[in-house]
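One-letter residues, chain by chain:
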Amino acid sequence: MKAFILCGGRGERLKPLTDCLPKPMVKVGGKPILEYQLELLSKHGIDEAVLLVGWCGEAIEDYFGDGKRLGMRVEYSYEDPENRLGTAGPIKAAQDKVDGTFIVMNGDIVSNANVAGIVAFHVGMECWGTINMINMPSPYGIIDLDGNKILQFREKPVLPYKMNAGLYVLEPEVIDFMPDVGSIETDVFPKIAAIGKLCGYDSTGIYWSDVGTHKDLERVNKDILAGKFKL
Amino acid sequence: MIGMILCGGSGKRLKPYTDNTPTPLIEIKDNCTILDKQIFDFASAGINEAILLTGYKSDMIEARYGKEYKGVRISYHVEDRPLGTLNALKAGMELAKGQDVVVRNGDVVADVNVRKMMLKHTNNPYPVTMYVTRMRSPYGIVELGDDKVRSYKEKPQLDYYINGGIYCINGDAPISQFEGGSLEHTLFPRMAEINRLGYYMEDGVFWATVDTVRDLEEVRKEYRNKTDKPWGYEKVLISTDKYLTKELFIRAGYQTSFHKHPRKDETMYIIEGVGYIEFEDHKEHFGKNDTVRIEPNVPHTIVATENTILHEVSTPFLEDTVRIRDYYNVR
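Those sequence lines, one after another, are chains A and B. First residue of the first sequence? That's 0 in numbering that gives the first Met the number 0, and the numbers climb one at a time after it. First residue of the second sequence? That's 0 in numbering that gives the first Met the number 0, and the numbers climb one at a time after it.
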């Protein structure tokens, strides 16, 4: 099974780190984010990856090459950084590399998701897509109201909503729903859900963090040092 | 009440925009900064005096606003080094000399009805009132059915409230007895603990913090075709040589100028809200889904009793307004 990893984001919120480094190459705990993702895949028996790169994609290809060092086969699909395709477009542009059920990952997430478990669940569900989900960690303090007054503040709690954790198992049928330029989250998933072909796998309890901002980066670094995140 | 704006932060997360500019002076559209909009909001709420609590690049802020801006008298408290929002507020309260204040975080762009919030604060028994806004999920939310996903919504609003960054505070509130860095970790949770923190809620209005480059992009997108008015805003949705469509937002309790259009023939379609259109000799009430036509040269004002959003479809004359009377000191 192949994993397609979205690596074309510009990483605006991680400047100046991303002034001349693509976001998936930003290091946490001494290693690029993307290297953790490939190791996670490899651990779960996925040994083929297609890196959907764009701005500064060469830096990614220079580092991972054909993937042999990680025991994987790594291919590349380039988008024009001046004409970015969103989160669905790069997958569609690489559709000739799709050879059956495939995995899609956002390139800015550090997690120890049970990839093999998600794939096994997907195969049993007859869905066209399975989204990996976790209970949503609120980035904001939550206010509890009581009548006319504020009862209390809760510092960044986990809320009882299932959120998209940025990893999907998809059937080739889903590609027909993808625009040439557009978002898998807003243009594709709502449609697949509406026809009853979308499933969710609850991974609440795993380690999960996106690395979009300097604050995220600090937290993940700390977690790795403290041993809170292990593959 | 006196207005007060917390605008001393260095805007670290908005680099490179904040290399040469403090966050409050970042433009949300051409020649309109976040602080322009905030002071305009004060003026629209009938506030005529504001204290800017500055620090980082205060000289640039003082140079832009001077002693008066949009009819609001401006004074400053400049912090030499960042001591947190609690200390800034303490200094501000001293300058306010016991008067009640409306305090705003300097990075919030919002269409909140500040006048209504002040009224709510005056009428509730609490020394501090916080504007609370519904949280928008930064992530996609999956809603499960029996075994499949029932719906998928990207970044929807959730049924949880967060701090909206606007506060009404009584002049005699016990600010000076608190110690620490930020209001979020001192004044607000302590006041909530002793049941003394009220709130003001206004759902469905634009609200954004400009905290990151992505936030800024989203606010600029909102302001691409939007012009703030003392009564709300106007967005030009489309303007061709054959027709013109605008979206108007009129805050509850506000009204447009009394005006007429020499050439423009327009029809209002009420998307949301309640109010009336007042003509020289009669009123025409409207509610959701109503349409009202106004022919050329007929003087009128649109009055909103509840927050009103309407689409105005008309013949194509963009600049065709003769104002007969304005109800506000700012334009």
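Hints are computed from structural coordinates only; laboratory data are not their basis. Computed from a prediction, not measured in an experiment: that's the story for all the values here. Some hints here could point you the wrong way.
Covered stretches of chain A, as calculated for chain B (at least 3 residues, CB under 8 Å) [unchecked claim]:
{"#": "1", "stretch": "65-78"}
{"#": "2", "stretch": "118-131"}
{"#": "3", "stretch": "137-149"}
{"#": "4", "stretch": "152-160"}
{"#": "5", "stretch": "182-196"}
Below, in silico cross-link-like pairs of lysine-lysine (DSS-like), each with a Cα-Cα straight-line distance of 27 Å or less [stated by the list, open to error]:
{"#": "6", "chain 1": "A", "residue 1": "Lys214", "chain 2": "B", "residue 2": "Lys287"}
{"#": "7", "chain 1": "B", "residue 1": "Lys147", "chain 2": "B", "residue 2": "Lys234"}
{"#": "8", "chain 1": "B", "residue 1": "Lys152", "chain 2": "A", "residue 2": "Lys196"}
{"#": "9", "chain 1": "B", "residue 1": "Lys287", "chain 2": "A", "residue 2": "Lys14"}
{"#": "10", "chain 1": "A", "residue 1": "Lys1", "chain 2": "A", "residue 2": "Lys229"}
{"#": "11", "chain 1": "A", "residue 1": "Lys196", "chain 2": "B", "residue 2": "Lys154"}
{"#": "12", "chain 1": "A", "residue 1": "Lys155", "chain 2": "B", "residue 2": "Lys287"}
{"#": "13", "chain 1": "B", "residue 1": "Lys66", "chain 2": "A", "residue 2": "Lys155"}
{"#": "14", "chain 1": "B", "residue 1": "Lys56", "chain 2": "A", "residue 2": "Lys190"}
Built from N, CA and C at the ideal position, the CB exists for glycine as well.
Verification of the supplied hints:
1. Counting residues of the stretch 65-78 of chain A whose C-beta lies closer than 8 Å to any C-beta of chain B gives 0; at least three are required, and the coverage claim is violated.
2. Using a Cβ-Cβ cut-off of 8 Å, 3 residues of the stretch 118-131 of chain A lie near chain B, which meets the minimum of three, so the contact claim holds.
3. As drawn, the stretch 137-149 of chain A meets chain B at 10 residues by the rule of a beta-carbon pair under 8 Å; at three or more, the given contact holds.
4. Judged by the Cβ-Cβ criterion of 8 Å, the stretch 152-160 of chain A is covered by chain B as claimed, because 3 of its residues qualify and three suffice.
5. Under a criterion of three residues with beta carbons nearer than 8 Å to beta carbons of chain B, the stated coverage of the stretch 182-196 of chain A is upheld, 10 such residues being counted.
6. Between Lys214/A and Lys287/B the CA atoms are separated by roughly 44 Å; this puts the pair beyond 27 Å, and the hint is violated.
7. Of the supplied pair hints, the one linking Lys147/B and Lys234/B is violated, its CA atoms being roughly 40 Å apart against a limit of 27 Å.
8. With a C-alpha separation of about 15 Å, the suggested pair Lys152/B and Lys196/A falls inside the 27 Å cut-off, and the hint holds.
9. As the CA atoms of Lys287/B and Lys14/A are separated by approximately 46 Å, the hinted pair breaks the 27 Å bound.
10. Between the alpha carbons of Lys1/A and Lys229/A the distance comes to roughly 23 Å, so the proposed pair stays at or under 27 Å and holds.
11. At most 27 Å may separate the alpha-carbon atoms for a hinted pair to count; Lys196/A and Lys154/B meet this at roughly 21 Å.
12. Taking the CA atoms of Lys155/A and Lys287/B, the gap is about 38 Å. The hint is violated against a cut of 27 Å.
13. Our distance criterion of 27 Å between C-alpha atoms is broken by Lys66/B and Lys155/A, whose separation comes to about 40 Å.
14. Between Lys56/B and Lys190/A the alpha-carbon distance is near 49 Å, which puts this suggested pair outside the 27 Å criterion.
Of the numbered hints stated above, those contradicted by the structure are hints 1, 6, 7, 9, 12, 13, 14, listed in ascending order.
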